[in-house]
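Peer 1: Here are the chains, one letter per residue:
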Amino acid sequence: MVEIVISLALVCGAVILWTYILSVSRDKSNTLDNDQVFSSLRASLLHNLKSDMRSSIAIKPLSENSWEIETVKLDDSATPSVKKVIYELAADGKKVSMSVDGRVKTYDFSKVLDGKRLNFKIWP
Amino acid sequence: MKRRRGFVLPAVLMLVSVLLLFAAVRHYFSRNQLIQASHDANYEKSFHLAIGGVESADNLFMKAVAFFNDGRPETLPKIAKAPPELAPILKALLNAEGLPYARKERIPIDSSMFGHLQSSWEKFATLKVEIELRDIEPLVAQSPFAGPIPDPRENRILMMLHAEAVVNGAVARVCRYREAKLVNILPSILGKFVLYLRQQGSASNNSFEDRFSRPDLLKDTPLMVFSGKSSGLSSLNLDAAAEFFEKQGWVFLGGDAPWVIGSGPGGGNANYASALQKNDLQTFAIQPPDEFSSLNFLTYYSQPEYLSGELKGLSYNKVLQGINDELFSSRIRISGSGNKPTPTNVVGNVVAKSALIQGLKNTQTGLYAPYPFLQESQFHGSSWPGMSSEAANTMEENFGGVFQRYKSRMSVVLEERYNAINLRTLNFPAPPMNSAIMVDPRNLPAGTKVPDLSKRLHVDNNPASFVDANSGNLYQLFADDGRKLFEGNLSGFEDLSHFVSKAVLSFDKQSEFYKSIETEQKEHLLNNIYLIKGDLLVDRPLKSADGCGGMIIANGDITIQNEIIAPDQEPVVLISTAGNIRIATSSRIQAGLIALKGQIQAESAINVEGVVSAKELSMAKLSSSGLRQLSYNVNFDVTDSATYMRAFRLFMPKDGITFVK
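Those protein sequences? They're chains E and Y, same order as listed.
When we follow the numbering used here, the leftmost residue of the first sequence carries the number 1, and every step to the right adds one.
When we follow the numbering used here, the leftmost residue of the second sequence carries the number 1, and every step to the right adds one.
Here chain E stands alone, though its shape is the one from the complex:
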């Protein structure tokens, strides 16, 4: 009987603690999701940036927040050709855009930065 009572007490305590942790966890869940999104965006941006830099023949800053990378890519006929890729950090410091041949891809970190700014720079 004593054992059952102690077990019940422990279970109750565990359920209360679990409920508390879950509530705290749910509270932090948004942060966790944000981290995940940030991480995913960052990984994608870095993958492209690394590829472009590893394929580059020239890198030059266009302004304080934008850089032009002359990078080699295969064109439609599978022939290497030089493309100019421009990376630009938005003025609010929350987006990075990558443009090549008029096509623009934007990495939007605005929802995952909690008011902070990106520290994005390319050193040629």
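What the hints contain is simulated information worked out from the structure, not anything from laboratory work.
Computed from a predicted structure; not experimentally measured.
All clues stand as given, with none of them false.
Here are the simulated EDC-like pairs of lysine to aspartate or glutamate, each with C-alpha atoms no more than 16 angstroms apart in a straight line: (1) E:K50 x Y:D40; (2) E:K121 x E:D92; (3) Y:K661 x E:E70; (4) E:K121 x E:E64; (5) Y:K91 x Y:E132; (6) Y:K661 x E:D76; (7) Y:K229 x Y:D568; (8) Y:K45 x Y:E164; (9) E:K111 x E:D35; (10) Y:K247 x Y:D452; (11) Y:K361 x Y:D290; (12) Y:K597 x Y:D557; (13) Y:K181 x Y:E132; (14) E:K50 x Y:E44; (15) Y:K661 x E:D75.
Residues of chain E placed beyond 12 angstroms of chain Y at every Cβ, according to the derived structure: (16) L62; (17) E68; (18) I86; (19) E88; (20) A91; (21) D92; (22) K95; (23) S97; (24) M98; (25) D101; (26) V104; (27) L113; (28) D114; (29) L118.
Using N, Cα and C, we set each Cβ at its ideal position, and we do this for glycine too.
Once you have looked at the hints, place chain Y on chain E.
Peer 2: Only chain Y this time, still in chain E's reference frame:
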């Protein structure tokens, strides 16, 4: 019944612990993040494995290219003679002709280095390296105009090395490429001619005041042109003669006015004397109706002789005093020298000029009475140069007062088609050819066998003769494998833009050029085709080594003040597309010199081993102490297909461009 106690509590404790652990992990980590991090790490590994594959393949590739570019005959055929480590890549690169060629598929490259690289990485890593060659365009477009015919094998080629590495499922693809040029470093048909001059200069070529002795008294030094193999008088076997002449470095002397090549004695020095000058005396019995026919101790004689002003002087009985022209000889001695004759095929309107001393010989006393050159009016007078009036009258009586009979026995200056002197090199077995002094190739004795016609040169659609004039309006040159190299008028050939198309490295200033060819040992090594957009001053030694060779093309003037040293099999060519080439050094110049729109100016003694091609040749007067020498390098012979194939080079930038796919 035994009571079961203590079971529920441990079970609950364990459950609670697990729940708390999950909650904690849930709190701090994301599974996706772990996967992403792992994939990123694997990708980095595969990228570096792929880079390693490209680097090691590139190292092999560049060694293979260096081996391909080595022009030494002992490296041929390339695939058979390749070092074992290069054989697979050369098999992938070269076709049956031994030249790199494009194809649709990529060729896998195998190397022990790849296995080593893979084993150094993860267990589950793979590496694949392939090479791809793709034609971009021919270097020189086919032209509708007459001139050199481009070789379609000279090409711009895209050389690509592909590497694909996989580490734990992460794939990285890397490519390195270079734009290469497959070029032939021989100077097109100009390489066939040891000397190629489109026209005569303003000063007459035949203006050398030569002497029979005392070379120290000469006021100038001729340019001695050696055309290849040496062969003296009556030494060439008839059956082998055509092949001999086909392989020599030919001479082209262009323009409308005939070139007169006077034969000179070089001051009595055989190094400077004209080649193939017969000098042996022949006697002929005097036949009736000449009066002296009754005197059996008298004979007529004939003796070919060099040209010299001394033949007008007293020491030679003023025998040619009646000749109005100066007895000058040529400042350019084609066919070699007296002690090293190199007979060759001379193309263009070219005339050989020499003297024939004739007269009367007394076989009892050994005295000679040369018959002077006379005009008909002089013949009938008594004032013959070098003779007393009594003697002149006696001689006139001998010929019955008939000038035409005297004319055939008097001393004269002879002119003949230049290539006719090649007949003197042939070993004719019997008279009259083996004793002939001068034979007209258009009127040879019946049954006379002469060398076969040329397979490599056609003039006005007819195969050229090696013993007759080869002058016309339409010249066609062929290689020994039948490939046509040129069609047009050689005199009009001046456009060198096809050489510019071959240039791989281009420089605005010569300083940049010198910087690019300077080695760590501070030498200047040529191993490419360079274009300099201006003048070039060669004020330091230039070198070429095995596996090198190449061209320097300058838009402006080229001045050579220092030596250019190159192995025979690694031809070096200096080209001025629009200017002049000035030679101001007596050092060795082992190179071809080309300035078809300008002059080649020999300011000093010169020693060129290669070819010389220009619109005009200009030579400053030079004391006899100097030696001007131009020797043919047979490795320039574009009409020899084996030589031509050896001169293909694959030139490309040292560093390729690497990118991630």
